[in-house]
Amino acid sequence: MSAPAFAATHPLPADWRDFLALTKPRVMSLVVFTGLCAMLAAPVHVHPVIGFTAILCIALGAGASGALNQWYEADLDAVMKRTAGRPLPAGRMDRQAALHFGVGLGTFSVLLMGLAVNLLSALILAGSILFYVLVYTVWLKRRTPQNIVIGGAAGAFPPLIGWAAATGQVDLLPVLLFALVFLWTPPHFWALGLFVRTDYAAAGVPMMPVVAGNRATRMQVFLYSVPMAVCAVAPWPLGLTGAIYGLSAAALSLVFVGLAARVGISRVEDQALMRDERRMFAYSILYLFAIFGALVADRILLA
Numbered sequence: 663m664s665a666p667a668f669a670a671t672h673p674l675p676a677d678w679r680d681f682l683a684l685t686k687p688r689v690m691s692l693v694v695f696t697g698l699c700a701m702l703a704a705p706v707h708v709h710p711v712i713g714f715t716a717i718l719c720i721a722l723g724a725g726a727s728g729a730l731n732q733w734y735e736a737d738l739d740a741v742m743k744r745t746a747g748r749p750l751p752a753g754r755m756d757r758q759a760a761l762h763f764g765v766g767l768g769t770f771s772v773l774l775m776g777l778a779v780n781l782l783s784a785l786i787l788a789g790s791i792l793f794y795v796l797v798y799t800v801w802l803k804r805r806t807p808q809n810i811v812i813g814g815a816a817g818a819f820p821p822l823i824g825w826a827a828a829t830g831q832v833d834l835l836p837v838l839l840f841a842l843v844f845l846w847t848p849p850h851f852w853a854l855g856l857f858v859r860t861d862y863a864a865a866g867v868p869m870m871p872v873v874a875g876n877r878a879t880r881m882q883v884f885l886y887s888v889p890m891a892v893c894a895v896a897p898w899p900l901g902l903t904g905a906i907y908g909l910s911a912a913a914l915s916l917v918f919v920g921l922a923a924r925v926g927i928s929r930v931e932d933q934a935l936m937r938d939e940r941r942m943f944a945y946s947i948l949y950l951f952a953i954f955g956a957l958v959a960d961r962i963l964l965a
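Residue numbers for the sequence shown follow the numbering used here, so the first one is 663 and each next one is one higher.
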């Protein structure tokens, strides 16, 4: 796998904060949370040591994906305002160190998951890392505006991993949770893309707002939010969860679709004035945390 020819001229010595930044800790927190909630919602008792190990492996796998993503995209990060301060484009780290760190972290996470938890969860974890790095980062990111749609599957794996770690199998509920995160990803990232469009354009990334324009992107944000809401609520009528989750998912999803509709009808072109898009992006993060939190509350209170 060849990487873009980018490297800092004289990289400064990296410290622990740079290695932590490589793992994309804010993204990792959401990944870990969805995996943890799926594991806690599983209808089995998980030994605390096994549970901790599984979540640690999910975190390490997510961190490895983030590190390898930044290793490969160092040239893109260097020309985007919101990413120019990352360790590689800022010249605080050598690219070879980032590559070794990412590969080592990913390999260790999969081996530990397989040896300490179970083979199925390790295989799904390995698949999620490879999907994010090879399919999304290397293949799709620079080639198609559908990069987020297809690549979004990478961030949807943690509920499957958490459930498989607890039960040793994959059932309908984690599949629906996978679909929920998969459909959540496009409106989440396209809302961001609308108000940082010039960054993506400068880097030559074919994000939907850059290729198709703001109006088409806004419509896609709304269109994806509808099936996402259906997937969010579906576990309740299917008898997979109780009313606590069902009512919470319905209320949270109604707000999400409402915000997406506001984005869909917006005609604001000045990125600095895109309040609906910024509100939508911020709420989308809260939404996923709240949905999965309701899943755990439903399981604990109605057990």
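Hints were generated in silico from the structure; no laboratory data involved. Source: prediction; values computed, not measured. Mixed in with the good hints, there may be bad ones.
[To be verified] So the derived label-pair ranges between C-beta atoms look like this:
#	residue 1	residue 2	range
1	711	920	24 to 30 angstroms
2	753	909	28 to 34 angstroms
3	920	955	29 to 35 angstroms
4	873	744	47 to 53 angstroms
5	951	864	27 to 33 angstroms
6	769	892	36 to 42 angstroms
7	875	801	20 to 26 angstroms
8	744	948	16 to 22 angstroms
The C-beta atom is built at its ideal place from N, Cα and C for all residues, glycine as well.
Task: Those earlier numbered hints the structure runs against, lowest number first - done: Violated hints: 1, 2, 3 and 4; rest satisfied.
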